[in-house]
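> Given only the sequences and the hints, what does the whole structure look like? Please build it.
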Amino acid sequence: MAEHGNGESGAVVTAGEGESGTYAIDSPGLPPHRPRLSDVDEKAAKRSERQVATLFIISIIGTIVFMVGYFAIGRTSEEFGEYFDHMQWLRIQNTLLGVGSAFAMLGIGLGVVHWAKTLMPDHEIVEPRKPLRAEAERAEAAQMMGEIVEETQIKRRPLLRNTLIAAALLAPLPAVVMFRDLDRAYGEEFSPERMRHTIWDEGVRLVRDPTGTPIRASDLTVGSAMHVIPENLREISSHGERLSEKAKAVVLLMRMNPEDFEHTSPGREDWTYQGIIACSKVCTHVGCPVALYERHTHHLLCPCHQSTFDAAQEFKVVFGPAGRPLPQLPITVDDEGFLVARSDFTEPVGPTYWERGNA
Amino acid sequence: MKALTQKRRHPFAFVALLLLGLLLTGGLYAAATTVNEAQASNLPEGYTSEQVEEGERLFVANCATCHGMNAEGTDAGPSLVGVGAASVDFQVGTGRMPMQMQGPQAQQKPPQFNEEQTAQLAAYVASLGTGPAVPEDEYLDVDQGDPSRGGELFRINCAMCHNAAGAGGALTEGKFAPSLHGVEERHIYEAMTTGPQNMPVFNDANIPPEDKRDIIAFLKTYENQGTPGGFSLGFLGPVSEGLLIWTLGLALLIGSMVWLTSRSS
Amino acid sequence: MSAADKNYTEAQYLEADQYQPRTRTGRIANYVDQRVGGTGIVREFGRKVFPDHWSFMFGEVALYSFIIVVLSGAFLTFWFDPSMATTRYSGSYAPLQGVDMSTAYATALELSFDVRGGLFMRQLHHWGALLFILAMSVHMLRVFFTGAFRKPRELNWVVGCALLILGLGAGFTGYSLPDEVLSGNGLRIIDGMMKAIPVVGTYLSFFLFGGEFPGDEVIPRLYTLHIFIIPGMILILIAIHLFMVVVHKHTQYPGPGRTERNVVGYPVGPVYAAKAGGFFFIVLGILCLISGTFQINALWNYGPYDPSPVQAGAQPDWYIGPFEGVLRLMPGWLGPIPLEFVIPTPWGGNSVATPVLVPMIPIAVMFLGMFIWPWIEAWITGDKKEHHLLDRPRNAPTRTAVGAATVTFYCIMWGMGSNDLIATHFQLSLNDITYWSRVLIFVGPVIAYILTKRICLALQRKDREIALHGHEAGIIEVSPDGGFHERHKLPSEYELWTLVSYEAPAPSGPRPNAKGKVTRVEKFRAALNRMFFEDRVEPVSRQEYLEALEHNGHHDGATGLEAAQSQEQITAGHSGRH
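Protein chains in written order, with this note's numbering: chain A, 1 to 359; chain B, 360 to 624; chain C, 625 to 1202.
It cannot be assumed that every hint is accurate.
What the hints assert, rightly or not - Derived DEER-like restraints, expressed as beta-carbon distance ranges:
#1 A/Ile-57 <-> B/Glu-543: 37 to 43 Å
#2 A/Glu-140 <-> C/Lys-1147: 49 to 55 Å
#3 A/Pro-174 <-> C/Tyr-632: 46 to 52 Å
#4 A/Thr-22 <-> C/Val-870: 29 to 35 Å
#5 C/Val-656 <-> B/Ser-621: 32 to 38 Å
#6 A/Ala-53 <-> C/Arg-659: 35 to 41 Å
#7 B/Gly-405 <-> A/Gln-274: 31 to 37 Å
#8 C/Val-989 <-> A/Ile-236: 40 to 46 Å
#9 B/Glu-543 <-> C/Phe-1050: 24 to 30 Å
As the list claims (entries may be wrong) - The calculated SDA-like cross-link candidates involving lysine to any residue, where the alpha carbons are at most 20 Å apart (straight line), are:
#10 A/Lys-130 <-> C/Glu-778
#11 A/Lys-316 <-> C/Pro-962
#12 C/Lys-1009 <-> C/Pro-776
#13 B/Lys-579 <-> A/Asp-344
#14 B/Lys-579 <-> A/Asp-85
#15 B/Lys-579 <-> B/Glu-495
#16 C/Lys-775 <-> C/Val-870
#17 C/Lys-1008 <-> C/Ala-1150
#18 B/Lys-579 <-> A/Glu-82
#19 A/Lys-130 <-> C/Thr-711
#20 A/Lys-246 <-> A/Arg-208
#21 A/Lys-246 <-> C/Thr-711
#22 C/Lys-873 <-> C/Met-857
#23 A/Lys-130 <-> C/Pro-776
#24 C/Lys-1008 <-> A/Glu-135
#25 A/Lys-130 <-> C/Phe-867
#26 C/Lys-1077 <-> C/Cys-1035
#27 A/Lys-43 <-> B/Arg-622
#28 A/Lys-246 <-> A/Asp-344
#29 B/Lys-579 <-> A/Phe-84
#30 A/Lys-130 <-> C/Arg-885
#31 C/Lys-1009 <-> C/Met-868
#32 A/Lys-130 <-> C/His-872
#33 C/Lys-1009 <-> A/Glu-135
#34 A/Lys-130 <-> C/Val-1031
#35 C/Lys-1147 <-> C/Trp-999
#36 B/Lys-579 <-> A/Tyr-83
#37 B/Lys-468 <-> B/Arg-455
Keep in mind the hints are simulated off the structure, nothing from the lab. As the structure is a prediction and not an experimental result, all values here were calculated from the model. Ideal Cβ placement from N, Cα and C applies to all residues, glycine included.
Have a look at this one:
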């Protein structure tokens, strides 16, 4: 450990450390130590002491404020009274806890640091670095390692070495394999085939999300948009499976003027009903719900990455990162006049995955 | 059935049919005209004929440039036939109409007409064709609404554009969904029924009046409950939070760090 | 080592019990010391020196905010239940009463509204997490721009990079836990990105979610990662990181008295310990202040997760922002040509989700580059020496420029992550911002590179100017013959030392290998080396300095005296030391 180097003597850093001569001037060593006010003036030191103590007292007050916030303000709704009062008090409580603990902590922190800065010695110390390794020690260690390896005889007995490597490579496999059942697969095959289907099917009614009421064509006026789920969704009892199926089956239903449709592919002529058109709400980019419908431009916007689809052109991508149009759900009306699906989606919904192929 | 087929072959059958057809057409036409006339002359519910007349004068003076002398629409503005009183009450009542200048969408500003004049304009436009009416007070009374049901409906139908906290959000090409904070109950209701600008229409078959009231109740509860955690940072979520920690948070830290490492005088 | 060579003598064995402490503290200390060897620890660390500079404190902030996040997180675990089982909410928050939701969301709401101080602790945890990653990032920027990652600290830089990645993981898993609509859609994006990975992606998604997205398995799994595996790994890496800091000792900025073979600063006991200890309370205090006054992640706004709803302003926390932004930046179609394509195969083809995969390339390159930068730079410069003195960023212009270009690249992606809010708040078109950013992402870093390099060189020239002719004193003088000139104040020798004591290597050219052949790789290295060192400002040489002194003495009457004095000081200093 080096002595206090206050630079006046320049004893710690001597010239000729290699830096000398390379630069325009020789190393001047540490600048001389300038005494602080509190070093030379006992009054200033006393003042610092008082300041530090004041900060500690502020900390104590902060803790008290925290306690007041915690105990004096109630906890349950009954204690708070009306709902809106509850929320107001909650905010006051949160502020008291925050400001109280902030003062409690800052008081200690600032106090200790101020103490260190003004009253503890401020002489800079020079400590020499040590080399990470000395050459003699390295040689000794290398020899030691060589002997250790030699004693294991692993070099002379390759059979041991090779079988050990093989065993060590295989041994972790069970730990990997054990994670196979992370995929519960819900009783289906362990394959991406399950992603090709949704629970939409011929004759499945379109119902409102979340109320579950069926929809008549006349319920939609031009410019209307409705968020839709299949009626059979509620038949799924398992919560997780219902969520997974809903995540694929959510549909957005819009009504436009039939003459606004700019393009209808062959085979899709009867997929709409009197200007009512339905599409999957799951973005073909990475799967966010494409739910923002602009009724005059017929554009659908995804709020996550701003892929924009044109409902008048079979949900063609007009902007953003999506690579494919949104799948369209073929619809018609049933005998009772309710909107139903003609079939499932004709392609997998949602983001592209490796096994999707030409679908 | 058999008798009918036989009679159809009767030589006079053609003449009889023709007469019948003419009679029917004429009669229907006459009936339709009277109905139309009745509609035109019949006052929209809740308005007086003075209001309609006064509204027409206001319309011609302030709106006809874009919407046409008979509100039939021009290149600069859409037809207003059948948009209903609710639409006028919303657009004029929130200051969006008359529009200050053409742009991606009409901006909200202090209304140019007072309540009375707005009602007169609404009366005139409502008299042109039936459309959504100004909502009844019963559906604006948030005390009768269920905020938690309204919240559910809001998240499904509205939050994607207006943000989960109703703070508004961006649409394409410079359009946007406005903030819903501080918007009058009536105007929220009217926006849902009429679908102003690019907003979809949420008619009563889609979201019944009671449900609309629930949505408004949710919004008003949200507005009145304040923000329990402290300042809201504009209800914008992680972006404004990140901005705060990179500005205020970092500034406080650097300040304390510089102080901590500086030499005391 | 040398001590270990000596024998443990009987005298030493008996000596151990001879010392009898007089005070009670002494007795306790002695008891512990005899059993764990406290003497050694005190001797090693008691007066260990740490250099003092404000920019060295970001690492401490990261450490402290991590501790705060762990402690507040532990508090939250006592109430939070990560189960995805449905329950009907009946807590105090009126707008959600009677709504079906997962237990995870319900208990997160309970923490916010029905556990006293729960809201405060949630906010402290979240703000602390934001600060944790912020502090790591700024710390890494400091390390990068000052060249502190150079030998022998390359491995510690890698540990730091790993810590940053783990921090992102910890943040994202935590963001997802409350199971509301915002974080649910975040998970949905992760699902979509995973599925885009060729060959294994679909299965990865199945494994994470326990089947198809979202299922009812994922939150408990993320919880295990969030409270156990990731923080455990962070703790281990922090231990390694700090151990290496002790082994290497801290770097220091160049300055008078600082050399490659010493450390100048304050000793741990008492000054540094007091400052560092006090600073923990300051960081905690600042976080408490922010948590008590600013609301963060108002998860009651978002509602329980359901695959159907989404909201405007769907954004991740700031550190995931660039990932979000780069996805927004990428076009899915180039005019009429879709970028996504199908590889025809006998089994029906395999899809390549180019619009998702391509944006991952720059991110991957950026992170990989971050990990291996110490070796890249050492390879280009051919510098194999240890460095304990930092570079002033201006004295390593190319490195600084590369850093600035990367930061610009990051910030453009970051800005794109909030382009919808930029659009609404500055009344711009979302689409225009995206189009411009698509250009800017290529042009911006190049401009930043050139500009930064120019600024660095200009600052170096200014340093030279000051070293040779002094500071402009801001006083204009009129000489008797009517000439105007400004008075200059020469710098002190201490300041002068900082200005002149740096290296500016010249390009070294290709070197032949052992066979005497210059390989193609070596030519490439030499080209990079030229790019690195081509534009340079030489430090002031001794001759230049002496000439300048003479010049100042002859022609600048006002400062001549000062110059002479400082010259005298220097000579005096020399003679004193030689």
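> Against each hint, give a clear statement of whether it holds in the structure.
Evaluation of the provided hints:
1. Look at A/Ile-57 against B/Glu-543: about 51 Å separates their beta carbons, and that is not inside 37 to 43 Å.
2. Between A/Glu-140 and C/Lys-1147 the C-beta distance comes to about 42 Å, which lies outside the given range of 49 to 55 Å.
3. For the pair A/Pro-174 and C/Tyr-632, the beta carbons lie near 47 Å from each other, so the given range of 46 to 52 Å is met.
4. At roughly 31 Å, the beta carbons of A/Thr-22 and C/Val-870 sit within the given window of 29 to 35 Å.
5. Checked against the hint of 32 to 38 Å, the C-beta distance between C/Val-656 and B/Ser-621 comes to roughly 37 Å, which is consistent with it.
6. The hinted range of 35 to 41 Å is satisfied by A/Ala-53 and C/Arg-659, whose Cβ atoms lie roughly 37 Å apart.
7. Under the hint 31 to 37 Å, the C-beta atoms of B/Gly-405 and A/Gln-274, about 32 Å apart, fit the expected range.
8. Between C/Val-989 and A/Ile-236 the Cβ separation comes to about 44 Å, which falls inside the hinted range of 40 to 46 Å.
9. A hinted range of 24 to 30 Å for the beta carbons of B/Glu-543 and C/Phe-1050 is consistent with their spacing of about 27 Å.
10. Of the supplied pair hints, the one linking A/Lys-130 and C/Glu-778 holds, its CA atoms being roughly 18 Å apart against a limit of 20 Å.
11. As the CA atoms of A/Lys-316 and C/Pro-962 are separated by approximately 11 Å, the hinted pair is consistent with the 20 Å bound.
12. Note on C/Lys-1009 and C/Pro-776: the hinted pairing holds, with a Cα-Cα distance of about 8 Å set against a maximum of 20 Å.
13. Annotation: proposed proximity of B/Lys-579 to A/Asp-344 is violated, straight-line Cα distance about 40 Å (limit 20 Å).
14. About 15 Å separates the Cα atoms of B/Lys-579 and A/Asp-85, which keeps this hinted pair within 20 Å; it holds.
15. A threshold of 20 Å between alpha carbons decides the hint, and for B/Lys-579 with B/Glu-495 the separation of about 18 Å falls inside it, so the pair holds.
16. Among the hinted pairs, C/Lys-775 with C/Val-870 is consistent with the structure: their alpha-carbon atoms are about 15 Å apart, no more than 20 Å.
17. Restraint check for C/Lys-1008 and C/Ala-1150: satisfied, since their Cα atoms lie roughly 16 Å apart, inside the 20 Å limit.
18. Of the pairs offered as hints, the one joining B/Lys-579 and A/Glu-82 holds, with about 16 Å between alpha carbons and a cut-off of 20 Å not exceeded.
19. At most 20 Å may separate the alpha-carbon atoms for a hinted pair to count; A/Lys-130 and C/Thr-711 exceed this at roughly 63 Å.
20. Taking the CA atoms of A/Lys-246 and A/Arg-208, the gap is near 13 Å; set against the 20 Å cutoff, the hint holds.
21. For the proposed pair A/Lys-246 and C/Thr-711, the alpha carbon gap of about 19 Å is at most 20 Å, so the pair holds.
22. Restraint check: the Cα-Cα separation between C/Lys-873 and C/Met-857 comes to about 24 Å, which exceeds 20 Å; the hinted pair is violated.
23. Straight-line distance between C-alpha atoms of A/Lys-130 and C/Pro-776 comes to about 13 Å, which keeps the hinted pair within the 20 Å bound.
24. For the hint linking C/Lys-1008 to A/Glu-135, the alpha-carbon distance of about 17 Å falls within 20 Å, and the restraint holds.
25. Taken as a hint, the A/Lys-130 and C/Phe-867 pair is honoured in the structure, with Cα atoms around 16 Å apart against an allowance of 20 Å.
26. With a C-alpha separation of about 19 Å, the suggested pairing of C/Lys-1077 with C/Cys-1035 holds against the 20 Å cut-off.
27. For the suggested pair A/Lys-43 and B/Arg-622, the alpha carbons sit about 19 Å apart, so the restraint of at most 20 Å is met.
28. Proximity of A/Lys-246 to A/Asp-344 is assessed by CA-CA distance (about 14 Å); at most 20 Å being required, the pair is judged to hold.
29. Only pairs whose Cα atoms come within 20 Å are accepted, and B/Lys-579 paired with A/Phe-84 is accepted, the gap being roughly 11 Å.
30. Taking the CA atoms of A/Lys-130 and C/Arg-885, the gap is near 8 Å; set against the 20 Å cutoff, the hint holds.
31. Taken as a hint, the C/Lys-1009 and C/Met-868 pair is honoured in the structure, with Cα atoms around 18 Å apart against an allowance of 20 Å.
32. Taking the CA atoms of A/Lys-130 and C/His-872, the gap is about 9 Å. The hint holds against a cut of 20 Å.
33. Distance check on the hinted pair: C/Lys-1009 and A/Glu-135 sit about 16 Å apart at the alpha-carbon level, within 20 Å; holds.
34. For the suggested pair A/Lys-130 and C/Val-1031, the alpha carbons sit about 36 Å apart, so the restraint of at most 20 Å is broken.
35. For the proposed pair C/Lys-1147 and C/Trp-999, the alpha carbon gap of about 18 Å is at most 20 Å, so the pair holds.
36. In summary, the hint linking B/Lys-579 to A/Tyr-83 is supported, as the alpha carbons are separated by about 13 Å, within the 20 Å threshold.
37. At roughly 6 Å between alpha-carbon atoms, B/Lys-468 and B/Arg-455 fall within 20 Å of each other, so this suggested pair holds.
In this structure, the earlier hints numbered 1, 2, 13, 19, 22 and 34 are contradicted, and the remaining ones agree with it.
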